[in-house]
Amino acid sequence: MVEVKISNFKQLSQQAGVSEKQILHLRRGKIKQMRLEVLLALASTLSISLEELVRQFSPESISPSREKQSSREKFELESLEILESWLLQWPTAVSAIAQNPDLPAQRVIKLLNPVEKLIQSWGVSKIGQVGEEMPYNPQKHQLLSGNVTAGETVRVRYVGYQKGNKLLYRAKVEPID
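Note that the working numbering gives residue 87 to position 87 of the sequence shown, counting from 1, and the numbers run on in steps of one.
Hints are supplied without guarantee of correctness; some may be wrong.
FRET-style restraints, in silico, Cβ to Cβ [as the list claims (entries may be wrong)]:
1) Arg27 / Val124: 52 to 62 Å
2) Gln89 / Gln56: 49 to 59 Å
3) Ala98 / Glu152: 51 to 61 Å
4) Arg72 / Val94: 25 to 35 Å
5) Tyr158 / Ala105: 15 to 25 Å
Rather than coming from a laboratory, the hints here were simulated on the basis of the structure. The structure presented is a predicted model; accordingly, all values stated were derived computationally and were not measured. Note that beta-carbon positions come from the ideal geometry of N, C-alpha and C, so glycine has one too.
Given these sequences and hints, build the entire structure.
Structural data, given as structure tokens:
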């Protein structure tokens, strides 16, 4: 804007003949929602090409997009590394179970360890263990039946999860008879 001696966005709005609302859309990166004639007027007023206007005001510039893709690829590779043994063994286990329904489940359960490691690597922790008895905490527990007050002993039926201090899923609990 400095090159074309426009000192502020209100002045740009006036010189381009577009509303201040359109300028606000541009500044917020909502360029894809704007009409072509508005974009052409702005590009002309700024003495730049339409492509340059889009590049400057688009929320997805090339480098952040590549950075985002790189981060995602890194995440996926790390996750796949943790899940590798499960990925390789699970289809075989499913096939073996289908052919032999009497297969001891103990062996199959061990195949899920990589999934638990992945969840732990994300900082997710369990709230209780199935069958565990603990004091009822209404912030971390969902009562499945009956009535109990905070501090009374309950039994965990379904494990809950939290990430740091953020509750993801309450543990589902029931009163002890």
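Status of the hints after comparison with the structure:
no. : hint                        : result
1   : Arg27 / Val124: 52 to 62 Å  : violated (38 Å)
2   : Gln89 / Gln56: 49 to 59 Å   : holds (51 Å)
3   : Ala98 / Glu152: 51 to 61 Å  : violated (44 Å)
4   : Arg72 / Val94: 25 to 35 Å   : holds (28 Å)
5   : Tyr158 / Ala105: 15 to 25 Å : holds (18 Å)
Checked against the numbered hints listed earlier, the structure breaks hints 1 and 3; every other hint is satisfied.
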